[in-house]
Amino acid sequence: MHPYIPHTNEEIRQMLQTIGVQQLDDLYKDVPLTAKDLKIPNGLDEFTVVSLLESLACENKVIEKSNIFMGAGIYAHYIPQVVKALASRPEFVTAYTPYQAEVSQGTLQALFEYQTMICELTGMEVANSSMYDGASALAEAVLMAYRINGKHEILISKAVHPEYIETTRTYASAQNLSFRQIPLDTSGKTDLGVLRESVDEETCAVVVQYPNFFGIVEDLKAIRENIKDVVLIVVAEPFSLSVLEPPATFGTDIVVGDGQPLGISMNYGGPTVGFLATLEKHVRKMPGRLIGETRDMEGNKGYVMILQTREQHIRREKATSNICTNHALMAVINAIFMSTMGPNGLREVAMRSYSNAHYLAGKLREKGFKLLFDGPFFNEFAVKFSKDYDSSWRQIFEEGVLGPLPLGWYFEEYKDCGLVCTTEVNTKQSMDLLVELLGRDVR
Amino acid sequence: MHPYIPHTNEEIRQMLQTIGVQQLDDLYKDVPLTAKDLKIPNGLDEFTVVSLLESLACENKVIEKSNIFMGAGIYAHYIPQVVKALASRPEFVTAYTPYQAEVSQGTLQALFEYQTMICELTGMEVANSSMYDGASALAEAVLMAYRINGKHEILISKAVHPEYIETTRTYASAQNLSFRQIPLDTSGKTDLGVLRESVDEETCAVVVQYPNFFGIVEDLKAIRENIKDVVLIVVAEPFSLSVLEPPATFGTDIVVGDGQPLGISMNYGGPTVGFLATLEKHVRKMPGRLIGETRDMEGNKGYVMILQTREQHIRREKATSNICTNHALMAVINAIFMSTMGPNGLREVAMRSYSNAHYLAGKLREKGFKLLFDGPFFNEFAVKFSKDYDSSWRQIFEEGVLGPLPLGWYFEEYKDCGLVCTTEVNTKQSMDLLVELLGRDVR
Amino acid sequence: MTIFERSVTGRVGFKLPKSDIEKKEFDLPSHLIRQRPLNLPEVSEPDVVRHYTELAGKNYSVDKGFYPLGSCTMKYNPKINEYTAALDGFTQIHPYQPWEFTQGALKLIFELKELLCEITGMDEMTLQPAAGAHGELTGMLIARAYHLSRKDTKRHIALVPDSAHGTNPASAAMAGFDVIELKSTEDGLVDLEELKKHLNDEVAVLMLTNPNTLGLFEKDILQIAEMVHKAGALLYYDGANLNAIMGKVRPGDIGFDIVHLNLHKTFSTPHGMGGPGSGPVGVKSFLGEFLPIPVIKKVDGKYYPDFDLPKSIGRVRSFYGNFSVLVKAYTYILMMGKDGLTHASQMAVLNANYLRTLISKFLKIASPRICMHEFVVDGSDFVKETGVKILDVAKRLLDHGVHAPTVYFPLIVHEDLMIEPTETESKDTLDKFAKILEMIVEEAKTNPELVKNAPHKTPVRRLDDVTATKKPIYRWRKTI
Amino acid sequence: MTIFERSVTGRVGFKLPKSDIEKKEFDLPSHLIRQRPLNLPEVSEPDVVRHYTELAGKNYSVDKGFYPLGSCTMKYNPKINEYTAALDGFTQIHPYQPWEFTQGALKLIFELKELLCEITGMDEMTLQPAAGAHGELTGMLIARAYHLSRKDTKRHIALVPDSAHGTNPASAAMAGFDVIELKSTEDGLVDLEELKKHLNDEVAVLMLTNPNTLGLFEKDILQIAEMVHKAGALLYYDGANLNAIMGKVRPGDIGFDIVHLNLHKTFSTPHGMGGPGSGPVGVKSFLGEFLPIPVIKKVDGKYYPDFDLPKSIGRVRSFYGNFSVLVKAYTYILMMGKDGLTHASQMAVLNANYLRTLISKFLKIASPRICMHEFVVDGSDFVKETGVKILDVAKRLLDHGVHAPTVYFPLIVHEDLMIEPTETESKDTLDKFAKILEMIVEEAKTNPELVKNAPHKTPVRRLDDVTATKKPIYRWRKTI
Ligand SMILES: Cc1ncc(COP(=O)(O)O)c(C=O)c1O
Ligand SMILES: Cc1ncc(COP(=O)(O)O)c(C=O)c1O
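Chains as they are written, first to last, in my numbering: chain A, 1 to 443; chain B, 1 to 443; chain C, 1 to 480; chain D, 1 to 480.
It should be emphasised that the hints constitute simulated quantities derived from the structure, not laboratory data. Check each hint, because a few of them may be wrong.
[Stated by the list, open to error] Facing chain A, according to a computed beta carbon distance under 10 Å, are these residues of chain D, among others:
hint, residue
1, Glu111
2, Leu199
3, Met273
4, Ser278
5, Val466
[Claimed, not checked] Sample of chain C residues lacking proximity to chain A, with all beta carbon distances greater than 10 Å (derived):
hint, residue
6, Asp47
7, Trp99
8, Lys154
9, Asp191
10, Met227
11, Thr342
12, Thr357
13, Asp399
14, Gly401
[Stated by the list, open to error] Here are some chain D residues the structure puts well away from chain B; computed CB gaps all over 10 Å:
hint, residue
15, Glu5
16, Glu45
17, Thr153
18, Ile412
19, Lys452
Heads up, the beta-carbon is just placed ideally off N, CA and C, and yes, glycines get one too.
Sequences and hints are given; from them, build the entire structure.
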């Protein structure tokens with residue numbers, strides 16, 4: 001007898017009888033029974049499991065939020081309790097994909113509203129109802145660009161998140177797309193000269209990040225002006241979009257990004273959620289599920305999945321993507337979070353993240369550190385620390401501070417640098433502490 | 001602007017205009033404004049408050065469950081996650097007393113089922129839908145007995161929880177009821193001889209606890225036989241009722257107790273929930289809310305509050321009690337817990353609590369400690385430890401063990417004793433540890 | 001379907017850890033070992049979840065919508081309260097732990113008491129009582145102890161206005177007083193003449209709710225206080241309606257000697273289908289020695305419970321009060337602060353007056369005056385005119401997805417609706433509610449049967465509570 | 001009403017702490033500073049709560065009732081999973097923290113991988129993929145990398161049965177393969193002749209779901225594996241249907257080289273309206289070197305992520321996978337254990353066969369054989385006879401408070417219902433479902449319009465999805 005499985009012996013007996021077989025194994029007569037003795041323990045009880053998991057959780061060091069200075073794709077932000085309380089409602093958590101729209105209006109409306117919010121943030125005309133994460137969203141955007149113009153070369157800025165680039169390469173490898181990396185100028189922006197010269201008739205898409213991986217705000221207007229009619233894909237961070245002019249304004253074709261900052265815990269990196277928005281003219285090339293508004297038999301407003309012919313259920317190998325299970329719950333968390341914070345809350349967080357970053361940059365400069373780039377940055381910025389920055393980083397971690405990402409992990413040439421991140425959770429006190437701890441390395 | 005209060009300045013203006021006044025303070029013209037400057041801080045934000053509360057919580061030492069050997073009214077038991085998950089549903093948490101039955105069937109049915117479960121546990125015919133706690137339930141039971149027979153003397157066993165006795169005295173003082181304490185025999189049971197002799201025509205009720213405060217199982221049959229037709233009130237612990245013959249069998253008139261063991265956290269002692277069950281013949285003398293089954297206009301089953309004429313809404317100063325807000329949510333937790341555990345789960349917990357207590361008693365005896373009483377005990381028992389037991393108790397607490405209650409707090413004559421409690425959460429290891437720690441005091 | 005009907009013998013919903021202690025047979029006289037069957041449900045975890053999820057679905061709640069129950073202050077309950085109250089350091093502590101190791105809990109109790117004293121203008125306070133009525137009993141026992149301590153033994157009367165909540169007279173009676181009802185003025189206020197007539201040296205206390213249950217502030221309160229005190233009696237404040245006056249006026253400043261609060265109302269802790277609540281009692285310093293034990297004290301920065309109070313009325317319950325509820329109230333007050341609480345009261349009063357104004361266009365309001373946080377509709381003309389009862393109107397409201405206001409209370413207005421919107425409701429919600437109510441008033445004229453047979457869209461239709469009380473069914477039983 | 005329509009300019013739902021850093025003006029070219037309005041909702045906390053509570057109320061979910069979506073394994077989701085996954089030590093850690101200080105997380109990933117390898121009979125596994133389809137893509141990229149590593153460059157074909165889930169051909173195509181569909185036998189099984197015909201040195205992989213989407217176990221699986229391997233191709237296992245066979249047979253033991261699992265199905269993590277899920281991919285040891293980075297390794301009792309794998313297909317996503325989902329799956333497996341998982345599969349199969357037997361009395365089952373954990377109803381005769389479509393039947397089921405089974409899949413049966421009860425449903429629930437379905441079949445004969453116009457009792461009536469796609473409305477806009 002198991003608490004999750006209701007069958008009593010008597011019921012099993014009755015059911016077998018109804019089926020007309022003698023015993024349970026008669027139901028497995030087609031099956032070669034190779035797994036009679038799995039080498040895994042028998043089931044435990046809740047209290048033992050809870051204490052096992054609690055001790056595993058304790059083996060991970062939780063850093064106090066204000067002492068986190070690392071971003072690089074996963075950000076520490078405040079998450080209001082109301083977001084958690086609502087997002088954990090079983091009506092959301094234990095529902096499936098809304099295959100029966102009439103009993104899934106909660107899901108469908110929440111996702112429709114999410115799509116609207118993503119459109120508002122990005123300025124684009126249509127957003128899908130979620131991808132797995134920012135990295136796979138970018139990969140899918142590149143495949144989408146390929147479907148749009150059939151060309152093979154992707155120009156990708158060096159200042160796009162390295163894991164996003166790696167993921168995109170993995171996806172694109174099977175389609176024989178080729179990649180060319182566009183270097184940065186001294187301001188930390190994608191080098192416009194190189195970019196302009198790299199565009200040719202084989203160019204499928206240009207990919208830049210806004211603000212870019214090093215925190216520098218790319219000039220999307222200039223980029224668009226230098227790449228002719230090539231598909232422009234922008235990777236964007238959602239909070240910054242509340243104060244930066246949205247990519248749509250500059251003729252962007254596809255905007256992708258990760259929704260983690262909007263109310264999702266760091267979760268050791270997952271699940272987060274990818275967003276993907278585009279223009280109506282590209283919608284049939286777009287991957288992922290779309291929710292649309294409609295009416296019921298009585299004329300009442302309602303929501304349904306639309307344009308499903310793009311998806312794998314119908315077109316199968318010709319589908320715009322294989323994505324089926326997506327990250328709907330996380331998208332709804334984004335929507336609840338944005339509803340709670342409102343446009344002013346988002347802007348306020350963005351302003352504070354920006355102000356904190358500039359305060360901290362000033363303090364670091366005072367301490368004698370140099371910034372790697374001189375372009376305008378948002379809430380992340382690269383700083384030259386010390387030759388063996390990685391080990392000072394590890395040391396300050398033991399002192400309870402999650403310091404700037406060691407850039408040497410991804411860029412040999414920036415081995416002495418760290419990527420600093422601030423958000424609204426950092427305080428003057430925590431920033432001053434960071435400066436002090438890192439300052440020990442200044443000679 | 002406050003997140004919980006939706007009014008914008010513009011709306012306030014419009015509303016004032018509709019009302020026909022100039023400004024907000026015009027609404028307070030009858031009020032002497034004495035409180036213009038409260039000496040309390042301005043409102044904070046969620047994150048500041050969460051961290052303030054988290055640090056207060058950290059100033060309380062949480063003892064690992066298996067190391068808790070203290071009961072005396074509040075017990076450490078396992079609480080399945082499903083109980084917490086369901087009981088925290090906002091439909092339960094944010095509803096009021098079910099004044100509109102048609103939109104409160106969830107509350108009403110859950111409480112009706114709770115009443116049934118309490119009837120099953122106690123064997124009584126009718127249970128109300130909750131009291132504040134065990135202590136006030138006893139106090140109300142005594143007032144109820146007084147309403148039943150109009151007599152003035154309460155005979156109360158020395159082995160009833162001291163805080164319950166104190167509470168009952170407070171309530172009863174205003175009705176001029178008098179109390180006589182019945183001492184214990186060497187087995188730790190209420191002394192039958194004294195009891196028999198104490199009963200006279202002025203006796204209103206006899207109050208005993210089952211198992212009693214010292215863990216000894218009172219012989220209710222013998223008690224009933226010795227008190228003529230006096231009202232018998234039994235204070236009972238719910239888990240023990242799953243394996244002990246219920247009080248009803250022995251002619252008990254009122255059974256009360258505290259539901260904390262059934263799925264409610266220790267909560268520093270509150271909120272718990274009091275239960276109160278009686279016989280149909282006494283129902284009109286019973287305090288508290290009652291839920292009954294009925295039908296709607298279409299013949300469908302439904303539930304409503306019944307016999308409300310007993311309550312203060314109608315009879316006001318003649319009501320059976322002043323109780324209005326009760327502990328409905330906690331009663332529903334009890335019901336969810338009992339549903340999850342089932343009769344076998346309850347019995348298993350009771351058996352383990354009993355077995356652990358007897359294992360531990362054996363070990364303590366081996367160490368040279370003597371039990372205070374020689375009667376049959378359930379899962380609590382009093383042991384003679386050392387002259388200054390209170391201070392060894394404090395010392396082992398610092399070592400992470402919540403030891404047996406120092407009985408000297410309530411009984412000068414038992415200053416060297418502790419009241420040991422075990423439940424299913426204690427393990428062989430934790431019990432052996434307790435014996436070792438306490439054993440340091442044996443000379 | 002009841003949970004009992006979901007039961008199947010042998011099904012389990014839970015599994016315990018392995019035990020390393022041998023099971024011991026019960027060593028008890030056999031007649032004490034259970035022979036009666038124990039018919040509790042046997043269900044799986046999914047069964048439990050579905051059952052209580054179904055029940056939850058049949059409940060109206062504040063999270064769902066407007067809940068304008070007069071006198072009940074059904075305001076929005078912030079989610080942060082649930083989080084803080086669930087912290088391990090608050091839920092996993094035993095009340096008998098050494099107090100040196102529950103300093104956080106004791107400090108919270110102490111500080112909450114200080115905050116509530118400041119808000120109410122009282123000097124001392126106990127957070128022991130579990131609810132408003134429990135607070136009333138505690139407060140009245142304090143009044144009794146006070147008079148007795150002065151050997152003033154003939155004060156056996158408690159004066160209670162006829163507009164009072166039923167718990168007031170009931171609590172007074174439980175505290176041993178004889179209750180005399182004071183007739184109110186037409187406006188529902190204390191009639192000073194009537195009061196004068198009843199004040200004498202047998203009167204122990206006058207209990208008041210202010211604003212009163214009609215939502216009106218007793219404008220003569222200072223005079224009333226003077227009269228009561230002159231007569232040697234105490235003035236008791238039922239804090240159920242504190243939500244109207246926070247940061248505006250303090251009961252302690254206008255002559256009240258004893259105050260109880262309802263943390264589950266004003267401080268949003270929330271209601272939980274009828275409880276648990278918390279009913280702190282504040283007193284002026286001359287009554288401090290009578291407070292129930294234990295009293296939490298602070299000495300040298302350490303907090304401890306004092307049990308040694310010889311004049312205390314004694315204990316009113318076990319342990320330290322409804323501690324988790326106190327955590328929520330404390331959280332709420334920190335979040336709101338002085339500014340927020342004052343704003344809350346102002347918006348509660350604004351909402352009530354706005355809604356009163358809207359409704360006055362089509363229903364009679366019991367009093368034409370500016371109200372505080374709630375007001376009462378006098379439906380007697382409406383009932384006469386249409387033959388539709390106020391109860392029917394209430395039931396019809398349910399069909400529109402809002403909760404009905406309190407009906408038939410206070411008793412001094414007949415066929416009344418008592419409406420308390422609270423500050424957390426928006427203008428929009430109030431506009432909608434007024435529209436719905438107006439529509440129902442219209443329906444009552446054009447299609448009275450529709451209203452009389454309401455509700456139509458609820459999980460069950462109108463329930464027969466008369467038979468339910470005449471032939472009571474107290475518990476579920478297997479039907480054969 | 002949408003959340004946008006609840007918005008009132010100036011309303012706030014949240015307050016930030018005071019900041020002690022001066023606000024800095026944006027020092028950016030002005031054309032990069034936002035000029036477009038940002039129309040997000042402005043609402044209070046109570047507004048947010050009521051909005052999403054209302055939406056939640058319009059959703060069907062497993063906690064509410066029976067959800068027999070074939071191929072989706074909508075089993076009960078234990079509450080403990082939500083608790084463990086929400087522990088601070090799991091949710092409050094950054095993926096780039098030093099791995100020495102995330103040993104608990106890495107150990108969990110490592111141990112979960114070991115458990116899943118044992119359950120499936122595979123040698124190595126990645127827990128990176130975010131869903132089943134993501135696992136398929138990963139697995140197919142591994143197959144591609146394998147053949148390329150052997151310079152076997154002409155294998156461009158993936159064989160996929162016509163009964164397969166749409167993600168199979170879609171993933172194969174995304175991984176660069178040309179897809180050829182294999183026609184199934186009448187029974188829905190792999191046709192060995194058909195397979196033989198298509199197997200050649202251009203075939204890279206055969207993708208199978210076993211049990212297949214008709215709920216039938218491929219009885220010739222050993223022979224199929226031999227044929228595929230002899231042809232130099234790999235055998236891929238779509239684990240969506242693993243719930244039928246845990247503790248009974250392991251894909252790794254019967255010739256599968258690559259396996260993906262759906263933790264959100266078989267391991268109950270749960271579905272969240274369509275995700276997040278997790279789609280681990282297991283492989284035989286000869287394919288281990290192709291797994292995506294990072295791979296979690298254990299050396300001297302320490303766990304660390306290895307990024308240095310030259311033959312890896314690369315990264316398939318950011319960071320370490322859907323970690324919180326992994327916590328839930330790990331919790332579930334510890335709770336169930338060997339005995340529980342085996343019992344789960346047996347009861348899943350028992351339930352399916354029991355329900356199949358009941359339904360076979362009034363509807364045609366696509367295959368007369370004993371099924372595994374699910375089965376398919378062939379409604380084509382029913383449709384012909386009554387003129388009522390299977391979609392109508394599905395909609396009518398909603399009126400009875402149960403969710404409809406999967407419809408119109410697999411594609412090889414027309415007008416089909418694909419029913420997967422799962423092991424967490426009781427006999428009682430199945431009996432009731434069969435009765436409801438029988439009643440609807442009856443209604444279709446006696447009152448077809450009732451069924452054709454279903455649903456009648458849902459929050460909305462039948463929705464027009466044709467117009468929705470023809471004139472798509474992608475987002476909310478203010479109507480003027
Ligand atoms: C005016 C008034 N006084 C007293 C009470 C009693 O409070 P409680 O229900 O918390 O016991 C109430 C609550 O209904 C009330 O409205
Ligand atoms: C047979 C089968 N294969 C693959 C998938 C795809 O899995 P996911 O939705 O997790 O991407 C599904 C799920 O719908 C399925 O049923």
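message: Is the interface hint satisfied for leucine 199 of chain D? The criterion is a beta-carbon contact with chain A at less than 10 Å.
response: violated (19 Å)
field: Cut-off 10 Å, beta-carbon criterion: hint that glutamate 111 of chain D touches chain A
entry: holds (9 Å)
message: Does threonine 357 of chain C clear chain A by more than 10 Å, comparing its Cβ with all Cβ atoms of that chain?
response: holds (30 Å)
- prompt: Does lysine 452 of chain D sit more than 10 Å from chain B, CB to CB?
  reply: holds (28 Å)
No chain A beta carbon within 10 Å of threonine 342 of chain C's: holds (23 Å)
message: Under 10 Å is the threshold here; is the Cβ of methionine 273 of chain D close enough to any Cβ of chain A for the hint to stand?
response: holds (4 Å)
field: Supplied contact hint for serine 278 of chain D, tested at 10 Å Cβ to chain A
entry: OK, holds: serine 278 of chain D within 10 Å of chain A, min 8 Å.
message: A cut-off of 10 Å on Cβ-Cβ distance, and glutamate 45 of chain D was said to be off the interface with chain B. Does that hold?
response: Given a closest Cβ separation of 5 Å, the condition is violated.
field: Verdict on methionine 227 of chain C as a residue remote from chain A, using beta-carbon distances over 10 Å
entry: holds (48 Å)
message: Min Cβ distance, valine 466 of chain D to chain A: is it shorter than 10 Å?
response: holds (9 Å)
Given as non-interface: tryptophan 99 of chain C, partner chain A, CB spacing beyond 10 Å: Its Cβ never comes within 10 Å of chain A, the nearest being 27 Å, so this holds.
- prompt: When you look at the beta carbon of glutamate 5 of chain D, is every beta carbon of chain B farther off than 10 Å?
  reply: holds (14 Å)
Violated hints, listed in ascending order, are 2, 6, 16; each of the other numbered hints is respected by the structure.
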